[in-house]
Structures are given as structure tokens and as C-alpha cells.
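**Student:** Residues per chain are reported as follows:
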Amino acid sequence: MKRPKVKKWTEPKTIKDYPMGSTCDSDHLTSINAGWRTFRPVINYDKCVNCLRCFLVCPDGVIDKSGEKLEIDYDYCKGCGVCEYECRPRAIDMVKEEK
Amino acid sequence: MNQKLNARTITNKELFYGHKACGGCGEALAVRLAMKVLGERTFASLPAGCMSAVSFIYPNMAFTSNAIITPFASTGAVAAGVAAGLKALGIEDTHSVGFAGDGGTADIGLQALSGAIDRNDDIIYFCNDNEAYMNTGIQKSGLTPYGTRTTTSPAGENLPGSITMKKNMFEIVAAHGIAYAATASIGYLEDFMKKVQKAKDIKGTSYIHVFAPCPTGWGHESNIAVSLAKQAVDCGLWYLAEYENGEFTLNKNPKEFSSVEDYLKVQGRFKHLEDRDIEIIKNHRDTKWKKMRRDWVR
Ligand SMILES: Cc1ncc(C[n+]2csc(CCOP(=O)(O)OP(=O)(O)O)c2C)c(N)n1
Ligand code: SF4
Ligand code: SF4
Ligand code: SF4
Ligand SMILES: [Mg+2]
Numbered sequence: 001m002k003r004p005k006v007k008k009w010t011e012p013k014t015i016k017d018y019p020m021g022s023t024c025d026s027d028h029l030t031s032i033n034a035g036w037r038t039f040r041p042v043i044n045y046d047k048c049v050n051c052l053r054c055f056l057v058c059p060d061g062v063i064d065k066s067g068e069k070l071e072i073d074y075d076y077c078k079g080c081g082v083c084e085y086e087c088r089p090r091a092i093d094m095v096k097e098e099k
Numbered sequence: 100m101n102q103k104l105n106a107r108t109i110t111n112k113e114l115f116y117g118h119k120a121c122g123g124c125g126e127a128l129a130v131r132l133a134m135k136v137l138g139e140r141t142f143a144s145l146p147a148g149c150m151s152a153v154s155f156i157y158p159n160m161a162f163t164s165n166a167i168i169t170p171f172a173s174t175g176a177v178a179a180g181v182a183a184g185l186k187a188l189g190i191e192d193t194h195s196v197g198f199a200g201d202g203g204t205a206d207i208g209l210q211a212l213s214g215a216i217d218r219n220d221d222i223i224y225f226c227n228d229n230e231a232y233m234n235t236g237i238q239k240s241g242l243t244p245y246g247t248r249t250t251t252s253p254a255g256e257n258l259p260g261s262i263t264m265k266k267n268m269f270e271i272v273a274a275h276g277i278a279y280a281a282t283a284s285i286g287y288l289e290d291f292m293k294k295v296q297k298a299k300d301i302k303g304t305s306y307i308h309v310f311a312p313c314p315t316g317w318g319h320e321s322n323i324a325v326s327l328a329k330q331a332v333d334c335g336l337w338y339l340a341e342y343e344n345g346e347f348t349l350n351k352n353p354k355e356f357s358s359v360e361d362y363l364k365v366q367g368r369f370k371h372l373e374d375r376d377i378e379i380i381k382n383h384r385d386t387k388w389k390k391m392r393r394d395w396v397r
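Chain order of the listed sequences is Y and S.
Residue numbers for the first sequence follow the numbering used here, so the first one is 1 and each next one is one higher.
Residue numbers for the second sequence follow the numbering used here, so the first one is 100 and each next one is one higher.
Don't read these hints as lab results, they were simulated from the structure.
A hint or two may mislead.
[Claimed, not checked] No more than 20 Å apart at the CA atoms, straight line, and that leaves these computed lysine to aspartate or glutamate pairs for EDC-like:
1. Y:K47 x Y:E71
2. Y:K96 x S:E320
3. S:K370 x S:E355
4. S:K119 x Y:D27
5. S:K293 x S:E343
6. S:K112 x Y:D64
7. S:K112 x Y:E98
8. S:K112 x Y:D27
9. Y:K65 x Y:D25
10. Y:K65 x S:E320
11. S:K112 x Y:D93
12. Y:K5 x S:E139
13. Y:K2 x Y:E71
14. S:K351 x S:E270
15. S:K119 x Y:D25
16. Y:K5 x Y:D93
17. S:K329 x Y:D75
18. S:K186 x S:E360
19. S:K112 x Y:D75
20. Y:K2 x S:E289
21. Y:K96 x Y:D75
22. S:K329 x S:D374
23. S:K302 x S:E343
24. S:K119 x Y:D75
25. S:K186 x Y:D25
26. Y:K96 x Y:E86
27. S:K351 x S:E320
28. Y:K65 x S:E360
29. S:K329 x Y:E71
The model shown is predicted, which means the values in this text are computed figures rather than measured ones.
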């Protein structure tokens with residue numbers, strides 16, 4: 001999976017541990033978004049024609065096209081369903097998340 | 100020199116990732132794809148608004164390149180300052196970009212943008228138009244269309260929601276004689292990316308006004324965000340156009356419009372509209388298109 005990864009973050013203990021000014025590193029993710037999801041998009045590879053429409057339209061960019069098959073980064077997918085709605089061959093199913 | 104930009108040709112690398120925008124956020128998609136076209140050597144300036152609020156949540160940072168939050172009114176000025184700084188330091192092959200909302204552009208940020216265009220500063224300015232001040236809870240802006248229910252333009256017995264039409268922001272920008280300006284929609288993503296590439300290649304100020312649905316503020320299902328943005332263009336309530344070398348061009352000129360009612364009825368913000376309000380909306384659309392077809396089609 002070629003997607004930015006969540007980083008380990010420990011809350012600074014004293015004021016000295018905070019960076020100067022209101023700056024922080026870019027590409028610095030300290031929490032994931034998976035908990036936002038009610039439904040999880042699942043790609044049915046038998047139906048997928050690899051048109052990459054889902055990769056293009058995902059507002060969160062969580063569909064990775066670098067591998068042989070498309071891969072969804074479930075750490076950051078919010079389950080919005082745009083990919084499923086836009087997939088013409090209906091190769092994506094929105095499956096209810098179990099607690 | 101440019102290859103066609105589409106899902107296959109654009110980079111797999113994400114430069115705007117892990118943000119906390121609502122699911123199905125149209126602005127987030129616009130920023131994501133714009134960043135892909137512009138590349139890693141991009142310096143982004145974002146005023147107060149949803150896109151800064153969802154990506155700079157300390158210690159989270161969703162941009163993988165340099166980015167800064169500007170005072171609300173100052174996107175154009177800060178982006179211009181960044182461009183001047185890069186030049187002074189001799190840092191080449193970079194882009195200074197502003198990503199502001201409709202409120203941040205058409206209302207409070209208008210003078211800073213106007214100044215940047217007047218100086219022809221080398222920046223690319225994006226107006227992410229979700230037709231209201233969303234980050235503070237859906238207030239009417241100068242780009243909120245007629246008949247929209249917002250918290251400051253409530254709908255009821257006396258008023259149909261907002262009673263003003265959208266400001267002609269694209270024409271206001273063009274009237275400066277800007278190097279390049281375009282309108283776009285997240286419903287037509289290849290067209291949008293092509294325009295970002297054009298803006299990237301042009302020296303001087305460029306402006307891209309991108310129509311971007313907001314499931315939370317518009318009251319629609321998150322999964323239709325992209326299709327709704329396409330519908331807006333197809334029913335004539337938004338349009339795709341460019342201004343270049345002093346000339347306007349209408350990029351898409353449909354023979355027939357799709358149904359305005361179908362576009363309005365899936366959105367909570369328009370649920371209250373009566374037939375007479377929809378007539379006002381259609382008449383305004385027809386007047387605008389008559390002018391555009393007369394003057395912008397060659
Ligand atoms: C000078 C100033 N006035 C008001 C605010 C409060 N404020 C923050 S974001 C925002 C709304 C932004 O709306 P818009 O520009 O349309 O962007 P959106 O959130 O819709 O993406 C407002 C009013 C502020 N931060 N600074
Ligand atoms: S949109 Fe559907 S068919 Fe196209 S690549 Fe995605 S899953 Fe496959
Ligand atoms: S459900 Fe939404 S966030 Fe998840 S992959 Fe599909 S478009 Fe992306
Ligand atoms: S309120 Fe609207 S614009 Fe703001 S993050 Fe949510 S969907 Fe996006
Ligand atoms: Mg807005």
C-alpha cells in the first residue's frame with residue numbers, strides 16, 4: 001500500500017517539548033479516520049474493469065492504483081460511497097461495518 | 100508537451116491526505132486533484148475555511164508539501180508574498196497557490212485577490228465554491244444562489260431563503276484583464292485538471308473557480324457529491340468557461356438543459372422551494388446563458 005501512514009505521537013510533557021511557533025511537519029498524521037465509517041467499500045475484482053474511476057473521484061485519495069489490483073486504505077476511508085456510486089460496472093459493494 | 104490528464108496518467112502519490120473533511124466533501128476532492136497536477140514543489144496558502152480547518156489540526160498535517168494558514172481576508176496577499184519570497188531566495192520551479200472558499204474569495208478576500216491580479220503576481224488562486232460559509236455553520240455568502248436556505252437566509256413564510264443571485268465572480272476576475280481564468284466543476288474532473296495544468300504553465304496570475312458540493316451544508320447524501328456537481332453544469336446552474344488572451348470561451352454549450360428540479364430536490368437547502376421560486380431560478384439561468392452564448396461562443 002503506497003499511502004501516507006499514521007505516525008506515533010506522544011503528547012509533549014512540558015512546554016519545552018513543543019515546536020517553536022505554530023509550525024508542524026508536513027505529512028504528519030497522528031490519528032486515523034476509520035472510525036467515521038458506517039459502510040465499508042469492498043471491491044469485487046471479478047466485476048472490476050480497472051477503469052480507475054473510483055481512484056479519481058475519492059475525496060480522500062485512499063484508493064491506491066500502484067499494485068496489480070486496486071487497494072483501499074481502510075485507515076483513512078470514510079465510507080462516503082462516492083466510489084460505489086460512480087463505479088459503472090457496480091463492482092463496489094458498501095458493506096455494513098460490524099462493531 | 101502536456102499529456103492528457105486523467106485517472107490513468109495522474110500520479111498515484113497523494114499530496115493531501117488524512118484530512119478530516121466530511122465524507123464526500125467536494126472541496127477536498129478539488130484540492131486533492133489540484134495538488135496532484137501541481138506537484139510536490141507547491142506552496143499552498145489557505146485562509147480560514149473548511150480546507151484549512153480539516154488539514155491543520157495540530158499535530159496532524161494533511162498536506163505533504165509546504166502550507167500555511169492566512170488571515171481570512173488575505174489569501175491573495177499571502178500567496179503573492181510567498182511567490183515574492185521564493186523569487187528573492189532564487190528557489191525555482193515552484194508554484195505559489197491559494198485555496199480559498201467562496202466566502203473567502205467573493206466577499207472578504209476580494210480586495211487581496213484584486214491586488215494580486217493587478218500586480219500580475221505569479222500565483223494560482225483557487226476559489227472552492229460550496230456556495231456558503233460552511234466552516235462556521237452555513238452562512239450566506241456572495242456566491243450563495245437564490246432560494247438557498249442558510250442560517251443567515253432562513254426560508255419561511257416571507258422569504259424563500261437567499262434572495263440574491265450568485266455574484267459573477269469569474270467575470271469580476273476577468274474584468275481585471277487577468278492572464279488566465281476558468282470555471283470548473285468536480286463533476287468534470289478531466290476538464291478541471293486540464294485547467295489546473297494550464298494555470299500551472301502560465302506566468303502571472305491565474306484564477307480557477309471550482310464548483311464543489313458540500314454534503315453537510317447542502318443536505319444531500321455524501322455518495323452523490325460528484326454526480327451532483329455534474330448535474331449542476333448539465334442543468335445550466337453552473338457553467339464551464341475560460342478567459343484567456345482577453346477573450347471568453349464557453350467550454351460546454353449543451354443543446355438542452357437537464358432538469359433543474361431534479362438537481363434541486365435532492366438537496367435539503369432547496370427543499371422548501373415553490374414553483375414560482377424555481378421559475379425565478381430558471382429565468383435567471385436563461386438570461387445568463389443567452390449572454391454567454393451570444394458573447395462567449397465563437
Ligand atoms: C476575519 C475573520 N472573520 C471571520 C472568521 C470566521 N470564519 C472562519 S472560516 C469562515 C467561513 C469560511 O467560508 P468559505 O470561505 O466559504 O469557506 P468554506 O468553509 O465554505 O470552505 C468564517 C466566517 C475568521 N476566521 N476571520
Ligand atoms: S470504478 Fe469500479 S470498475 Fe472502475 S476501477 Fe473502480 S472498482 Fe474497478
Ligand atoms: S467510500 Fe469514500 S473515502 Fe472510501 S474509498 Fe470510497 S470514495 Fe474513498
Ligand atoms: S462542511 Fe462541507 S466543505 Fe466543510 S468539510 Fe464538510 S463537506 Fe467539506
Ligand atoms: Mg464556502
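**Student:** For a C-alpha distance cap of 20 Å, please report whether K112 (chain S) and D93 (chain Y) respect it.
**Tutor:** violated, 25 Å
**Student:** Verify the proposed pairing of K96 (chain Y) with D75 (chain Y), using a straight-line Cα cut of 20 Å.
**Tutor:** Cα-Cα ~16 Å, so holds.
**Student:** Next pair to validate is K65 (chain Y) with E320 (chain S); report whether the Cα-Cα distance is within 20 Å.
**Tutor:** Cα-Cα ~26 Å, so violated.
**Student:** Within a Cα-Cα threshold of 20 Å, do K329 (chain S) and E71 (chain Y) meet the stated pairing?
**Tutor:** Roughly 27 Å separates the two Cα atoms, so the pair is violated.
**Student:** Can the restraint linking K119 (chain S) and D75 (chain Y) be considered satisfied, given a maximum Cα separation of 20 Å?
**Tutor:** Answer holds: K119 (chain S) to D75 (chain Y) is near 12 Å, not above 20 Å.
**Student:** Below or equal to 20 Å on CA atoms is what counts here, so check K370 (chain S) against E355 (chain S).
**Tutor:** violated, 24 Å
**Student:** For a C-alpha distance cap of 20 Å, please report whether K47 (chain Y) and E71 (chain Y) respect it.
**Tutor:** It holds: about 15 Å lies between the C-alpha atoms, which stays within 20 Å.
**Student:** Holds or violated: K112 (chain S) with D75 (chain Y), Cα cutoff 20 Å?
**Tutor:** holds, 17 Å
**Student:** Going straight from one Cα to the other, do K329 (chain S) and D374 (chain S) come out at no more than 20 Å?
**Tutor:** The given pair, whose Cα atoms are some 23 Å apart, is violated under the 20 Å limit.
**Student:** Taking only the CA atoms, is the gap from K2 (chain Y) to E289 (chain S) under or equal to 20 Å?
**Tutor:** violated, 23 Å
**Student:** For the pair supplied as a hint, K65 (chain Y) and D25 (chain Y), confirm whether the alpha-carbon distance does not exceed 20 Å.
**Tutor:** violated, 26 Å
**Student:** With a cut-off of 20 Å on the C-alpha distance, tell me whether K351 (chain S) and E320 (chain S) pass.
**Tutor:** Outside the cut-off at roughly 27 Å; violated.
In summary, the numbered hints that this structure violates are 3, 7, 9, 10, 11, 16, 17, 18, 20, 22, 25, 27, 28 and 29.
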